[in-house]
Amino acid sequence: SVATNEDVCTASAGAACGEPPVIDFGEVASGNKAEYEENDSVQYTCNPGYTLSGSEWVTCRERVWTPAAPQCLGMICSPPRIPNGNFRPQEVSYMEGATITIYCNSGYHFKVVSGQNTAQCTKAGWVPSPECVRKSEKCGPPPVIESGDLLSFPQQEYASGATVEYKCPSLYVLKGSPTITCVGGQWTTPPVCLVACTASEEDMDRNNIELRETTKKKLYLKSGDFAEFKCKVGYKQDPASSPFRVQCVEGTLVYPHCNDMEKNNIQLKSSLSHHSTFLYGEYIYFECRRWWHAKSSRAEEFKVQCLDGVFKYPRCHSK
Numbered sequence: 001s002v003a004t005n006e007d008v009c010t011a012s013a014g015a016a017c018g019e020p021p022v023i024d025f026g027e028v029a030s031g032n033k034a035e036y037e038e039n040d041s042v043q044y045t046c047n048p049g050y051t052l053s054g055s056e057w058v059t060c061r062e063r064v065w066t067p068a069a070p071q072c073l074g075m076i077c078s079p080p081r082i083p084n085g086n087f088r089p090q091e092v093s094y095m096e097g098a099t100i101t102i103y104c105n106s107g108y109h110f111k112v113v114s115g116q117n118t119a120q121c122t123k124a125g126w127v128p129s130p131e132c133v134r135k136s137e138k139c140g141p142p143p144v145i146e147s148g149d150l151l152s153f154p155q156q157e158y159a160s161g162a163t164v165e166y167k168c169p170s171l172y173v174l175k176g177s178p179t180i181t182c183v184g185g186q187w188t189t190p191p192v193c194l195v196a197c198t199a200s201e202e203d204m205d206r207n208n209i210e211l212r213e214t215t216k217k218k219l220y221l222k223s224g225d226f227a228e229f230k231c232k233v234g235y236k237q238d239p240a241s242s243p244f245r246v247q248c249v250e251g252t253l254v255y256p257h258c259n260d261m262e263k264n265n266i267q268l269k270s271s272l273s274h275h276s277t278f279l280y281g282e283y284i285y286f287e288c289r290r291w292w293h294a295k296s297s298r299a300e301e302f303k304v305q306c307l308d309g310v311f312k313y314p315r316c317h318s319k
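For the record, in the sequence shown the residue sitting at position 266 is 266 according to full-length UniProt numbering, with numbers rising by one throughout.
There could be a bad hint or two in this list.
Once the Cα atoms are required to be at most 25 Å apart in a straight line, the calculated SDA-like pairs of lysine to any residue come out as [stated by the list, open to error]:
#	residue 1	residue 2
1	295	279
2	33	61
3	111	186
4	269	218
5	222	149
6	222	239
7	312	234
8	111	83
9	135	101
10	33	68
11	218	237
These aren't lab readings, by the way, just hints derived from the structure by calculation.
The whole structure should be built from the sequences, with the hints applied where relevant.
Right under this line is the structure:
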C-alpha cells in the first residue's frame, strides 16, 4: 500500500536525537547511550582546571538537545578580599590570565616587596596572593653597591627617615643620588659607580695609535669623558676604523685602528726618519721603497702636510 502523509509525519515525530554536542575541555559524564529517545538526558563535566558555564544537564526534546550544551571555561577566580587595601578592576569573577592592581591603605604595602603591585588569576588562584601588610617602620642594613662604599659604618637597623651616603673610588663616576633614605621599611634606590677607562700603551700599540695631545703612555678617563687618538708616524687610518674621538662608556673604550703605511709601499726619507711627531701644518717627505715606484713623477705628491693629526699617504706601485 502507499504511505500517506500522515504516516510519514508520525514516523518522524518519534525519531531519536543525534549524539549530544561535543564540548571543548569537557565530556558527557553520564547518560551515554547508543541511541537517544525523547526526554533522554545527559550530564556534562569539565576537565580539571576548567569550570562549567551553563547547565550541566541537557535533554532530548523534539529531536533537539535543550538547553544548549554548556561551555568549559578556564579557571575562574573570585574577587579577592583584601583587608587594609583595595583592587581594580572590580568584577563579579575573573577568567584565567586576568590581572588586578592592588592598592594598599596608608601605612600598608603589597606583601611582595619587589615593587610589584599586580596579581594574576591562575589555575592555582591569585598569584601572588593579594595581601596588604603593615609597613615596617625600620630598615635593615643599606644595600651594597659594586665598587662603592658607605661614608658611615653600616648598622643592623635604621629608623624610618634615616639616610646614608655612598661614595665611589677615584676616577669612578657616581650615577644617581649619593644619598638613600629609609622609607616605610625599604631603602630608596642606591646609586651606581661607573668604572673608569684606561687607555694603555699596549692597547694603543696594538692599534698603531697614540694619544693626540699628550705624550703619556697611559691615560685614565672617567665614564663619559673623551680621549682623542691619532695614527703613529708610519701608519695611516684604517678606512673601516671607528672614530678617533672616543668616549669612555662604563669602563669600555672602542679604539680606532691604523694600518702600516708599508701597505702603500712607502717609507720616510732617510734624512727625516728620526722624527716621531709633527706639528699641525708641518710637512713630511716620503719616498718609494726599493723595487717600487710612483705612478706620477710629481715630487709634491710625496710632500705631505700634517692636517688635524692626519697624513694623506701617497702610494707606490710595483715596477
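Against the structure, the hints:
| no. | hint | result |
| --- | --- | --- |
| 1 | 295 with 279 | violated (29 Å) |
| 2 | 33 with 61 | holds (16 Å) |
| 3 | 111 with 186 | holds (13 Å) |
| 4 | 269 with 218 | violated (30 Å) |
| 5 | 222 with 149 | holds (18 Å) |
| 6 | 222 with 239 | violated (28 Å) |
| 7 | 312 with 234 | holds (11 Å) |
| 8 | 111 with 83 | holds (12 Å) |
| 9 | 135 with 101 | holds (19 Å) |
| 10 | 33 with 68 | holds (19 Å) |
| 11 | 218 with 237 | holds (21 Å) |
The earlier numbered hints that this structure contradicts are 1, 4 and 6.
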